[in-house]
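Could you build all of it, start to finish, from the sequences and the hints given here?
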Amino acid sequence: MLDFNNHSFLNEVLKYSEGMISFFKPVYTKDRITDYELYFLSENFKKYIHLEIDLILHKKLSEVFPVIFQNGMFEIFNSCMNKADFEINFERRIDFYKNKVWFENKAIKYNEYILLSSKEITRLKSAETKLKQVLKDVEYNNTILNDSESISKTGSFRWNLKKNSWQFSKNMIAFFDQFQVTAKQYNNLGVFSLLNDTDKEKLTTEIENFNYYKKIENFNFIVINKLKTTTYFSLRAGFSPSKTGPILLGVIKDITEITNNALLLKSKNSELIKSNEELASFNQVVSHDLQEPLRKIQMFISRINSENSEEKNKNYLNKIADTSNKMQQLIKSILHYASLDANEHKFVELDLTTIINDTIDDLDQQIEDVHAKVEVKNLPFVNGEYHLLKQLFNNLLSNAIKYRKTNKDLIISIENEYFLEDTLNINNKICLSSKDYHKISINDNGIGFEQQFAPKIFKVFQRLHNFSESKGTGIGLAIAEKVIKIHQGLIDVSSHPNQGTSFYLYLPKNA
Amino acid sequence: MVRDTLHIVLVDDDEDDRDFFREAIEEIDMDTTLSMFVNGQEFLDHITIPNQKLPQIVFLDLNMPIKNGLECLKEIKENNLLEKLSVAIYSTSSSEEDIERTFVLGANVYINKPNSFKKLKKAVEEVLKVNWQYHTSNLNKENFLLRV
Amino acid sequence: MKLYLKYDINKTFKSVLEEQLNKLEISYQINGLGEVEFVESISIEKMKELTTLLSIYGISIVNDHKTQMVQKIKDLITEAINSNEKVTTNFSTYIAENLGYSYAYLSSLFSKTTYTSIENYIIITKVDKVKELITAQHLTLTEVAHQLGYSSVAHLSGQFKKTTGLTPTLFQKIIKQRKKLG
Chain C
6 MLDFNNHSFL
16 NEVLKYSEGM
26 ISFFKPVYTK
36 DRITDYELYF
46 LSENFKKYIH
56 LEIDLILHKK
66 LSEVFPVIFQ
76 NGMFEIFNSC
86 MNKADFEINF
96 ERRIDFYKNK
106 VWFENKAIKY
116 NEYILLSSKE
126 ITRLKSAETK
136 LKQVLKDVEY
146 NNTILNDSES
156 ISKTGSFRWN
166 LKKNSWQFSK
176 NMIAFFDQFQ
186 VTAKQYNNLG
196 VFSLLNDTDK
206 EKLTTEIENF
216 NYYKKIENFN
226 FIVINKLKTT
236 TYFSLRAGFS
246 PSKTGPILLG
256 VIKDITEITN
266 NALLLKSKNS
276 ELIKSNEELA
286 SFNQVVSHDL
296 QEPLRKIQMF
306 ISRINSENSE
316 EKNKNYLNKI
326 ADTSNKMQQL
336 IKSILHYASL
346 DANEHKFVEL
356 DLTTIINDTI
366 DDLDQQIEDV
376 HAKVEVKNLP
386 FVNGEYHLLK
396 QLFNNLLSNA
406 IKYRKTNKDL
416 IISIENEYFL
426 EDTLNINNKI
436 CLSSKDYHKI
446 SINDNGIGFE
456 QQFAPKIFKV
466 FQRLHNFSES
476 KGTGIGLAIA
486 EKVIKIHQGL
496 IDVSSHPNQG
506 TSFYLYLPKN
516 A
Chain P
3 MVRDTLHIVL
13 VDDDEDDRDF
23 FREAIEEIDM
33 DTTLSMFVNG
43 QEFLDHITIP
53 NQKLPQIVFL
63 DLNMPIKNGL
73 ECLKEIKENN
83 LLEKLSVAIY
93 STSSSEEDIE
103 RTFVLGANVY
113 INKPNSFKKL
123 KKAVEEVLKV
133 NWQYHTSNLN
143 KENFLLRV
Chain E
1065 MKLYLKYDIN
1075 KTFKSVLEEQ
1085 LNKLEISYQI
1095 NGLGEVEFVE
1105 SISIEKMKEL
1115 TTLLSIYGIS
1125 IVNDHKTQMV
1135 QKIKDLITEA
1145 INSNEKVTTN
1155 FSTYIAENLG
1165 YSYAYLSSLF
1175 SKTTYTSIEN
1185 YIIITKVDKV
1195 KELITAQHLT
1205 LTEVAHQLGY
1215 SSVAHLSGQF
1225 KKTTGLTPTL
1235 FQKIIKQRKK
1245 LG
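Residue numbers (my numbering), protein chains in the order written: chain C, 6 to 516; chain P, 3 to 150; chain E, 1065 to 1246.
A hint or two may mislead.
With a cut-off of at most 30 Å between alpha-carbon atoms, the simulated BS3-like pairs for lysine-lysine come out as follows [unchecked claim]: (1) 1110/E / 124/P; (2) 1225/E / 121/P; (3) 69/P / 324/C; (4) 1243/E / 69/P.
Just so you know, these hints were derived from the structure itself, not from any lab.
Rendered as structure tokens:
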């Protein structure tokens, strides 16, 4: 039997060591272990139990330490007893008088006893718990960070300049993936792998001039991917000192949407300004041109009096009637012109030849009266609105008839040229719709006009000739221009006095 | 000084307006002669023929095709031979800014085309009489500004 | 480089006249604006010469009596306004006395010759002077009203507007802008 009660050397050593030793002797009842006797407890256990060990020595655990039957230690002891050299390591928290202590334990069979060596790990355990909590918080924050980066389309990075080592946030790597930058590339070049040569240089210069107080702000760059889509980025970074030298901490933000919106807003704004200007000038012209006939009517009325001959008065009345009609025509055409923009337009595929033929039918009488000839050569199909296009051609043909030479038969030819150009730049009106256009020309051999006046003729009520008796309201070509615009095309004209006029209609080819 | 005949020119592309003006002049009791042109270019071509007898006053419609009243006004002011010529701008109503502008560009008179024959006669008569004073006295022609 | 000039037309006229008369070695006396008296009668050739010399300067000799009268009336009016004397209702008496005819006769003569009444001519001349004072001499409306004997600035503006169709301020603005255009 072992005798540990002497103040042997071992006991002294045990007293001052961290580790604690205890021996338990199994208690059998009918060949089964039902309890254990506390055979030995090293002195250093005293600090937990606040009792003289003598008081509990050789007592049964069911009496002095019943918790072993609840916390699994009894079973652990039994397992050890059943197998020789079977070592069980386990951690247990024991509550001593509100003092909760964690122990790391090793149980093994020694002779016919259970040898338990224990070490307090409370601090360790508490650190472990704290660490688990911190790790949980960090994970949580990371998730928030990743989500926020994802939502705000930002990515962040850390660059140790001396070591050239890079660290990236989740979304930063997502950006690299988006632009097919490989891990090898971005681990070596970091954020530079997204920049073109010019921007690389720019950024390098900014970094070379670094100091810890200066931030790199509003550094904007563009990345174009293989599909030729452009993404706009804004970079912000600052320096932070570390043991191994300066660290660059930066964030890049995808500002494509903002940039595109700003560009769109700018273009819409200038469109609006232009539209307002057009409207103001239109209003001015219209108000003037409507007042004219009204004033004349009032004048005619003031000239009528009983002292005039009947014929003279009748003459004035006729003039009043004519002028009123003119005014009515004017108002109708103005309203029509104004309504062109307001209505929604449904486009269908149309055969221009049919439209021209219908127009010629409408103008049949006039064409016959002046003995004019209209030649139509292979016109294409276009996308458009039937009535608008018919009106366009009606206005152009009427014009040709009106400004024909009186000593020569009028010949009008309408033909199509295939035209290919990415952007049209005619009279400074840039049209960027589809890639190719039809170029339809309407040529006449009429009186023509000076080319320098070309832009004027499309304006409302502008006339180049002194035809005070002429039919038409001076708005026909303005309507023509508007119709072409609605069809996403352009109209142009070239002319020379006495050498006829050619109108060119550019209409986008069917998609 | 015998009372001179006042030579008047009207430039207006509208036939009815020319008729009204002519009838008004005929009814005004002053010694006048009237020449009319249908557009500014015609007038300028005529006036720059050498040794042409110059009018004292020209009435210019603002709204004419090819060359409008303002363009004519500018050309008249640039021509040294036409220094003594009074220019009356004769137009359907314009904005205050436009009226100011015609004066700044050198017009002496601005007339709003009236809507009754009586008013027309009265306006033209007033212009002719005031113009006559500037023509025959040593009043400062540069300050001759009149709005009717 | 621009130069802005102010001129006294009457002084200019007088010196030109004197210069031309001196060329012809005629003894003369200038009796006020627009009237020269020769001590002796002058030959037709010298008259012709004088006429030609003066015509270069836009000065013509008034031949008939009626036009002479009208010119005298105009001269009196111009003198009176330029000398800052108040041109009041007594003006009719002043003219009549000065020229030795009844005001009614002078009035009718004036209208027939110039298409306008004496009263209106006075107003036109006065307004012309206002124009000169506010553009060339840069006086304020108050100063001008005082100098020309208007009872108030409102009275001046009213007459100005009635005569020209423009307010004095607008008139000033237009002249300024004209000068800017060169």
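Okay, the hints, checked on the actual structure:
no., hint, verdict
1, 1110/E / 124/P, "46 Å, violated"
2, 1225/E / 121/P, "19 Å, holds"
3, 69/P / 324/C, "27 Å, holds"
4, 1243/E / 69/P, "25 Å, holds"
Hint 1 from the list above is the single one not met by this structure.
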